[in-house]
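Protein chains in written order, with this note's numbering: chain A, 1 to 115; chain B, 1001 to 1115.
Among these hints, one or two may not hold up.
[Claimed, not checked] In silico DSS-like cross-links for lysine-lysine, where the CA-CA straight-line distance does not exceed 25 Å: (1) B:Lys1102 <-> A:Lys52; (2) A:Lys22 <-> B:Lys1071; (3) A:Lys40 <-> B:Lys1102; (4) B:Lys1049 <-> A:Lys41; (5) B:Lys1061 <-> B:Lys1049.
These aren't lab readings, by the way, just hints derived from the structure by calculation.
Just so it is clear, the structure is predicted and the values come from calculations on it, not from any experiment.
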Amino acid sequence: ETGVTQTPRHLVMGMTNKKSLKCEQHLGHNAMYWYKQSAKKPLELMFVYNFKEQTENNSVPSRFSPECPNSSHLFLHLHTLQPEDSALYLCASSRGLSTSTDTQYFGPGTRLTVL
Amino acid sequence: AQSVSQHNHHVILSEAASLELGCNYSYGGTVNLFWYVQYPGQHLQLLLKYFSGDPLVKGIKGFEAEFIKSKFSFNLRKPSVQWSDTAEYFCAVNPLAGNNRKLIWGLGTSLAVNP
């Protein structure tokens, strides 16, 4: 248990559905991240928020829409996804954005399958 | 493009064997370097990191890694593995160019330790 929780743990959705992934951290961190982990590909950073403000959007398609209402919660809203979006979506948090001093703590992930 | 290469995708060892997992990166400047581990059914967690100082870094559970700048390498080692070290190991690099705080990840190495 890292203090970062994600719900749901598994999600199956059709291409026309709208769903949301939720991440919550209980570590008092200020930065939160969404990553995508696909089979046979490296972990890819999608979005970064720091103090609720988006600081990084790694050229993610608009069918993925993040929301960070406060420093403890991060959402990823999904709509009209494609089968190739099936992957494990990981949330992480850190105290700040410095990789020298601020370790990223990961949640267990949401396994998403798009039919 | 910047990349991280983990040469061994699958490693199988017997208990008490020595372990070395390779990690090379393609970036000529200053970097922060990381090894993360994911035990079966658990979240990604930091094993060790290097950002300055002694290039031989010691982490949790008896792991260590050596940064060799001339070889662009950050190999992970453990002198004597245990069954509980069975996990997936990920190398990650943060090229410290400008304001870049993005981690670039390797594909991971799956380690199975036979009792």
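Non-conforming hints, listed in increasing numerical order: Going through the list in order, the structure violates hint 2 alone and respects the others.
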